[in-house]
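Sequence lines, in order, name chains P and D.
The letter at position 53 of the first sequence is residue 52 when you use numbering that gives the first Met the number 0, and the numbering goes up by one with no holes.
The letter at position 86 of the second sequence is residue 85 when you use numbering that gives the first Met the number 0, and the numbering goes up by one with no holes.
Derived by calculation from the structure, the hints in this document are not laboratory data.
All C-beta atoms, glycine included, are put in the ideal place defined by N, C-alpha and C.
Mixed in with the good hints, there may be bad ones.
Quick look at which bits of chain P chain D covers, simulated, 3 or more residues with Cβ under 8 Å [to be verified]:
| no. | segment |
| --- | --- |
| 1 | 36-50 |
| 2 | 87-93 |
Every beta carbon over 12 Å from chain P, so not counted as near; a handful from chain D, in silico [stated by the list, open to error]:
| no. | residue |
| --- | --- |
| 3 | Val6 |
| 4 | Tyr21 |
| 5 | Gly73 |
| 6 | Glu99 |
Number of protein chains: 2
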Amino acid sequence: MSQTPAVTPIAILEQELALIKYNADGLVPVVTQDAKSMQVLMMAWMNAETLRMTLAEGRMVYYSRSRQEIWRKGDTSGDRQFVREGFYDCDNDTLLFLVEQEGNGACHTGAVSCFYRKFGEGSHDAH
Amino acid sequence: MSQTPAVTPIAILEQELALIKYNADGLVPVVTQDAKSMQVLMMAWMNAETLRMTLAEGRMVYYSRSRQEIWRKGDTSGDRQFVREGFYDCDNDTLLFLVEQEGNGACHTGAVSCFYRKFGEGSHDAH
Chain P
0 MSQTPAVTPI AILEQELALI KYNADGLVPV VTQDAKSMQV LMMAWMNAET LRMTLAEGRM
60 VYYSRSRQEI WRKGDTSGDR QFVREGFYDC DNDTLLFLVE QEGNGACHTG AVSCFYRKFG
120 EGSHDAH
Chain D
0 MSQTPAVTPI AILEQELALI KYNADGLVPV VTQDAKSMQV LMMAWMNAET LRMTLAEGRM
60 VYYSRSRQEI WRKGDTSGDR QFVREGFYDC DNDTLLFLVE QEGNGACHTG AVSCFYRKFG
120 EGSHDAH
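Using the sequences and the hints given, assemble the complete structure.
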């Protein structure tokens, strides 16, 4: 077994959180990137509550639109994502997190990244 | 003046384009990453028409939600984005493009990336 990656919570600054704009469903899109390889792993959504949890816990906590519930990434799969840095964009309506990805990868298909299919090559399997 | 980057269109495969899922507004989120530095530059939206234009022209063509029009990135600012690779995710509802960024950067503030503010540091200017 490899060691659990270090957990590095990020200071919660209310003036920053107050800037973030959510869509009509109360969600903000989040791009998640591997802090070492710089590969973009996935895009998902957070609400105000799970953004706060993500910063406080130092682990990526999304909001699942399909299940309509808090999605603490990796609690089921073991493929947790440990936060290294978080950013918000110029319009305050998109987030970017650099993470240490635990386990096999970010994608439920078993691929490291959810973006494993390339335009111009035709569709194919994950592996 | 630096030379214009090479333009590399991507083959349009109808079976790939047919996979892509658009939201209720007919849009799909697009993550744009610098192909060399691997820095995530921005997140924006495309519709089916501008995705097709992006592949055909080898330049990033978004759909502006605020202006409700086709947004051929850089036509006004000069900061064009030349496509190197494009990917679609496991759910077929998010795109990732690796680009060569021309000019000063991707952000209208003058920053290289729109994600220039970091959680835990308080808000500050772009530069």
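Tested hints:
Residues of the segment 36-50 of chain P lying with their CB closer than 8 Å to a CB of chain D number 5, which satisfies the three-residue condition for coverage. Residues of the segment 87-93 of chain P with a Cβ under 8 Å from some Cβ of chain D number 5, which satisfies the need for three, so the listed coverage holds. Non-interface status of Val6/D relative to chain P is upheld: no Cβ of that chain comes within 12 Å, the nearest being about 15 Å off. Even its closest Cβ contact with chain P, about 15 Å, leaves Tyr21/D beyond 12 Å, as expected for a residue assigned away from the interface.
In this structure Gly73/D is separated from chain P by more than 12 Å, as the shortest Cβ-Cβ distance comes to about 16 Å. Residue placement check: Glu99/D keeps its beta carbon more than 12 Å from all beta carbons of chain P (closest about 16 Å).
Of the hints listed earlier, there is not a single one the structure fails to meet.
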